[in-house]
Amino acid sequence: MGAAQGDYGEIFDRGYRHYAGPRLGQAHAIWALARYSMARAVGIRRPWTAKIIPALLYGAVAIPVAVAIGIRAFVPAFAFLDYASFFGAIFLLEGIFVALIAPEMLSSDRHDRLLPLYFSRPIGRTAYVVAKLLGTGLLTLSISLLPAVVLWLGNGLLAREPITAMREGLDDLGRIIVAGVLIAFYLGAIGLTISAFTSRRSVAVGVIVLGFVLTESLSFAISRALDGQGPLAPWVFAISPSRTIAGLVDSLFGVPGFGEHVPLTSAIGAIVVVIAICLAIMFAWYQRHD
Amino acid sequence: MPADSPFSIETTRLEKRYGNVVALDHVDLAVPRAAVGLLGPNGAGKSTLLKILLGLTKATSGSAKVLGWDIDRQSRELRRRVGYMPEAETLAEGATAADFVAHMAEMSGLPRRAARQRAADVLYQVGLDEERYRLIKGFSTGMKQRVKLAQAIVHDPELVFLDEPTNGLDPLGRDEMLALIERIHRQLGILVVLSSHILDDVERVCDYVVVLDHGRVAASQPLRQPEEATADLHVRVGSHPEAFLRRLAEAGIAARPAGIEYATDEFIVSRDGDRTLDAIRDAAAESDASLRLLRPAARSLEDLYIDSVGAIPPEARAEPARRNGRARRGAA
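Protein chains in written order, with numbering that gives the first Met the number 0: chain E, 0 to 289; chain U, 0 to 331.
For the record, the hints were derived by calculation from the structure and aren't laboratory data. Incorrect hints may have been included.
[Unchecked claim] Computed list of chain E residues with no C-beta within reach of chain U, every gap over 10 Å:
id: 1; residue: 49
id: 2; residue: 74
id: 3; residue: 79
[As the list claims (entries may be wrong)] Chain U side only, calculated, beta carbon under 10 Å to chain E, not exhaustive:
id: 4; residue: 54
id: 5; residue: 95
id: 6; residue: 155
Backbone N, C-alpha and C define an ideal beta-carbon position, used for all residues, glycine too.
Kindly produce the complete structure, drawing on both the sequences and the hints.
This is the structure:
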């Protein structure tokens, strides 16, 4: 920008200039899209009305953590909330959170007809889906992982010997991270897949919430009908996200679940397969989208 | 080397079918690097051609290159170098213009800081400097079109595809948008492919025209022919055509009706040296006949369109822009 400096100020030439700087690759575009989508999903740089529900959900998740840490501070002997119970307690909030942000990630782009603008740029269709899953997964970590880590830190710091307690609790931290990451990307992938098929956010939100509820009922009904018989019986839990997550958390933390034991490998396997199927569906869907 | 290609667009037997409907029928093109007008009635295949060239949809058969880059094998390299302003309203309504345009710059590979700087610069260039921090949903149609144009050029493309950029604009907004597009090409040096069904838009901005009709190339040629300095003149007057003709005859200038496909107030005036333009001006002034059109009669875009497609539909003519009640353009 040319500038002529004098005694009274500067005059800037704001004529058009060609861009001669670097042009970054696919990884940059994926991260930029994920970051932009995350910010929009929680209402950053948007009107205050877009921030209300995310803020309420964050508040709702913070309450049990704050209560648990408070009780721990004043009544150290009373174990108010173990990690498995915490994950169980916040599943509903995680589901609502994903139902809220996943449509914002994908349905909004379709509603605003932004896909031609993205797909006429270097970011490809596959990278677009990867960026959206990355954004949804990372954002959901703020609900599925961050509060549990805060709880773990609170438990450790409030122990009589914090360093020792935290060192001994590293196994729990590892389990918390595994559970938090798997839950975030698992729920995110399901929410995104549903959102990919509609440009109406309200429809996507409704289908996601209903889907979580109905698949749980369906899964229990099929379990009852099979009564543990047949080769598919051990996998019926995988129909329901809530039962899959319960199975994962119970196996990880070694506590009894819904009256049936889901091996850890089965729970993780089911989650990975569902994420892979969701990605395959979205890749195929966006490849054929003009 | 793609960068050395003399053509902006090359297609070889490009075909696109939607079931039994043929949107593009074996299109062969070799379009030079220029401001290119893609003209044709609605449904002629203009948008389909643009979408194929941008990789937004696949051709059924045939091949194409843009700036020398193959649209299938080198699509990513190509998409770094082109911009696209779609016909539809494609904007993040809940974002500010600055955020949205900067995001689109990042999607084209610009680093974050450079993207924000470029967004501010380009929004200034399209006349949205003051409004760039306002939400797009509060913008008028003309402002939204400017944001669409800004996102199309924010990454400094070599070529920008503009699909019906004056759609929905009032005459003044249309005039301003065309002035912006002219500037993008003539001053900023960005190649332009302007798809439009309005003859005046193409005639004003473009050097080369491709006319599509029912998915076929009806014409592909330079818009301004070299003989236009000596060609007869096509004149349209807004009032008193008889008095205008009488005055011309008195000045010894011959004129005849433009033809059955034109309105009755349009004439072809025989060129008689340098005095012809003066005589037309004087005849119009003395007969109080306001001049609406004055251009070389030889192979005008209208002639080309009529020869290629047939009659000109009413929607292909644009209403002239007016400022303070007076026509800005029209009498060239």
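Taking the hints in turn, this is what the structure says about them:
no.	hint	in the structure
1	49	violated (7 Å)
2	74	holds (47 Å)
3	79	holds (41 Å)
4	54	holds (7 Å)
5	95	holds (7 Å)
6	155	holds (4 Å)
The structure does not agree with numbered hint 1 stated previously, though it agrees with all others.
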